[in-house]
Each structure stands twice: as structure tokens, then as C-alpha cells.
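Undergrad: Chain by chain, the residues run as shown.
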Amino acid sequence: MDYQRLLAGRSAIVTGGVGSVGRTVALLYARHGANVVVLDEDEVEVEKIVQELRDINQKCSGFAGNLRDPESIVQLCNHAINALGTADILVNAAGTYLSGDAETLEEDDFIAMIDWNVNSTIRFTKAIIPYMCDNRQGDIINITSDLATASLPGTAGIAACAGAVLAFTRSVTMDYIRYRVRANCIVYPLDGIEGRRPLTGAPAPEDVANAALWYACKMSRFIIGDMLPVNGGMDYFAGMRGE
Amino acid sequence: MRNYAKLLEGKYAVVTNGGDPCGCAIVKKLAMHGATVAFGVRDPEIGEKILGEISDLSPESFYLMLSLADSEGIEEFCRKVKECFPLTTVLVNNPYGDIKRTIIESCEEDDRYLLQVNQRSVMQTLRAFYGPMRDNRCGSIINISSNTVFKPVLGNPFLTLSMGTIGGLTRVTAFEGGEFYVRVNEILSGIQPGHSELSPCPLKIEGSHVEGMADLVLFLASDMSSYITGQSFTVDGGARRQLFA
Chain A
1 MDYQRLLAGR SAIVTGGVGS VGRTVALLYA RHGANVVVLD EDEVEVEKIV
51 QELRDINQKC SGFAGNLRDP ESIVQLCNHA INALGTADIL VNAAGTYLSG
101 DAETLEEDDF IAMIDWNVNS TIRFTKAIIP YMCDNRQGDI INITSDLATA
151 SLPGTAGIAA CAGAVLAFTR SVTMDYIRYR VRANCIVYPL DGIEGRRPLT
201 GAPAPEDVAN AALWYACKMS RFIIGDMLPV NGGMDYFAGM RGE
Chain B
244 MRNYAKLLEG KYAVVTNGGD PCGCAIVKKL AMHGATVAFG VRDPEIGEKI
294 LGEISDLSPE SFYLMLSLAD SEGIEEFCRK VKECFPLTTV LVNNPYGDIK
344 RTIIESCEED DRYLLQVNQR SVMQTLRAFY GPMRDNRCGS IINISSNTVF
394 KPVLGNPFLT LSMGTIGGLT RVTAFEGGEF YVRVNEILSG IQPGHSELSP
444 CPLKIEGSHV EGMADLVLFL ASDMSSYITG QSFTVDGGAR RQLFA
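These protein sequences, in sequence, are chains A and B.
The first sequence begins at 1 in our numbering and counts up one residue at a time.
The second sequence begins at 244 in our numbering and counts up one residue at a time.
Calculated from the structure, these hints are not laboratory results.
Think of the CB as a built atom: it goes at the ideal place given N, C-alpha and C, for glycine as much as any other residue.
Hints may contain errors.
What the hints assert, rightly or not - Pulled a few chain B residues facing chain A out of the computed Cβ check, cut under 10 Å: (1) 276; (2) 414; (3) 418; (4) 421; (5) 422; (6) 424; (7) 426; (8) 427; (9) 454; (10) 456; (11) 458; (12) 459; (13) 467.
To be verified - Per the computed footprint, the stretches of chain A lying under chain B, defined by three or more beta-carbons under 8 Å from a beta-carbon of chain B, are: (14) 3-16; (15) 215-221.
Claimed, not checked - Computed far set for chain B versus chain A, every beta-carbon distance over 12 Å: (16) 325; (17) 356; (18) 398.
Just chain A, same shape as in the assembly (with noise of 0.2 Å):
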């Protein structure tokens, strides 16, 4: 295995590839030579991005499009197809937050949140799987919030997103493995929202995309159906939060 270049050849798409994780995770698999096209929802970040990728690897591209819209996915998961030839690796890292608890979370921000968040995760998902089972063999990482796991005041609405991309997660795994498509998902603590961790800090974007490069690549290939915190251990010691 070469440690340098761990995705020599692989393409890979990107959803939420302008925020700050998809982008790192983008870079990374381009250093790591991965053709990679990103996708997202503005243009001109889009192009951006596409510039830097294009800089390491001039096989990456990138496409703007609503990530929210069905109809929308289905033709940037066909550019993107188009663009690779292929999809070896699909991270969905595109999402957002809104806060609130269950009284105060608006209908809007939940349904908002729910498109990002999930609907987006399960679309991509089924928009890309039948060429991963077509090729048997394939990636799936899923970027969510740790909130999967671990409960905080005032974050229902992702919380409850994060919990579903975690339990589509492990489904995607046990429907497709017999393709060889792999599913993992990443948990991590989104900016805004504040825990106590025994890692004191808050993970740097790298941090994330080098668990995305650890799934993505043969050093992982036992693992299936899996969530990696990024969290510096919130997930158990939230536990602790009634002190």
C-alpha cells in the first residue's frame, strides 16, 4: 500500500464540497490521487474550490446545483458521473444546523434541516449506488453531527437528523455489503455547538478529513457499518452533564 498517495486512481464525490469539512476532505483525496468532483450549491465557491483541486490533480471538477431538490441531485450525480467515468467513493458531508428544542424548533428549519441533512444524505446515496454495485466495490461516508450519540439542550432538530443518517448508515451497509459497498459514517461536534470533551478544544477540519481518508481507503477494509466520533470523546462523557 502506498501511504502517500492512498486513493492513486479512485474517484470520489463530494457533497457540501465549498464548507469547511467537504472542502478539507476534497483536498485531502486530491493529495492522496483521488479524481474528485465537488458539489454543492454555490457557484462561484464551487469554482473556487475547482481551481485549488485543479492545482494538485487537473482530473477534479466541481458542479452547483440544489442540494435539497431530487430532481436537482439526479443531474449532478449524472455530471458527476460524466465527469469521473465512475464513483468509487461518495462522502456526504453536506448539512446544516438550526437550533432549537422541540417546542421552540420552527416547522421551516426542521424540514430545512431534514432536507440538508438527511434527505440529501439518502438521495445522493440512491443516486450513486447502483454504479458502485455495477462495480462492486464502493465507499460510502456519511458526515453527520455527533449528536447522533450524545444529547446537548436546545439541538432536537439535528440531533434527530444526525440519529437517522446514523441508522441509514448501517442499513446501507447491510442491504449493499454483498456488492462490496461499504457504508461508515463520521460523527463530529459542529461549530456553534459547545460540549464538554475530555479533548480539550474543537477538532480541526483535518482532523475530520483524515477520518473520511482512513474510511475511504484499504486501511479500513474490515470495517463496515461503523460511526467514528470526532469529538474528542463527547459521545460518553456527555453522560456527565448532570454534575
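With the hints as your guide, set chain B onto chain A.
TA: Then chain B, alone, in the frame of chain A:
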């Protein structure tokens, strides 16, 4: 960009059971990535063989005779390693105890053996190496246990019992060590002690299974996982998830 081919350059690592197939793969992987490794073995021939294979990659690595069933021997092993290494920053506890007897068939001697090998040995090495890591605010501890904790095997209750405590110990140590940048994680292995293949699982994996385990140890030992602590990773090709499917 970080040098991903030498993720442990300049680090000193300890592997308690380097002689079994998994431990051997871990020792080689850490050495390949630039670590100087001290490892325990029960058979000196195996120790010499491994040392021969890594001597070019990591010339200062060495082995010591170690039986995890011998409490005093573990103390001696830790003392000698501390004399040789300026600072151990990676500790891999790879206990191996396994007695296939049912609860009715087993005796107290079995209990004592398994608890010493799989549980007390981990406490002893933690006691020896955690303090210096904490004082130097740097360290990664990886405790290897068994996926039988979640997916029990009939006729093997004591493996589940003795390995089951490692998860709790991992989380407590991570809790203590977090503010000192000492990370502690657990791997629930689907490769049973002494074996080199995974137990039956949904994922048909090509290539060496022990090599895959070693890659996870490398990830957790290196700065690639610098914000990951207190976690339990199941490496069993999906066998555990299948239980709940």
C-alpha cells in the same frame, strides 16, 4: 502535506504480545512507519524472526520475553522498556487469553488465568506507561479486546467476561487522560486470540486480516486520529451488526 508513509517517525511504541499473528502484524506495521518498537513474546524464536524482518526499518527495536500470565514478569518487562526508551508514546495492549470451557466445566484456576492475562495485564501496563505519557502530555493507548463482548460465542464465557472489562477501563482512562492529551481507544477484534483470520462475517475480505487490524492500530497510534479518544472500534467485517439485523 503530512508524511503518511512515516506516520510514527521518531515515536517509541510498546506492544505487549507481539508473538501472535495479530501482534506480529502490529509490530511490523508500527516499525514500517518509523516507530522504535519494544514487544513482548513468549517464544524467543518468534521474537528473533520478527526482529529480523524489521531490523532494516527500525534498527533499535527489540523484544523481551513476556508472559501476560506472570504478573511479576509484566512489571519486569515494563521496567526494562522504560530503561531503554526515553518516552513511550504508543502502548498497544494485545492480550491473548482464551479457554474454551462452559461455566459448568470451568474452575477457579481458569478464572484467575483469564483475568490476569486479559484484564490485570492491561492494568499493569497502563500503570507503568500512562503516568509518563500524562506528564509529557502526549500518548496513544490502544487496548485490543474481542468482539465476543457483543457477539458471544457459545462455550466461551470467560473470554467475554475478561475482555468485557477492557471497554470500561478504556473509557475511564480516556476520561482521565483527555486533558493531558493522552488518547485511549479500544479495538473489538473479530480475530480470536492466536488466530490470523476473522471469524465468519458478512464482508468477504481479500488480503491479510491481521494486516487490516494493524492498519487500524496505526491509525489510532498516529496523529491522523488526534481528536479521537474513548472509542471502541469493532473490526469484524460486520459480524456484530449482523446480530442486530
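Undergrad: Need the list of violated hint numbers for this structure, in ascending order.
TA: none
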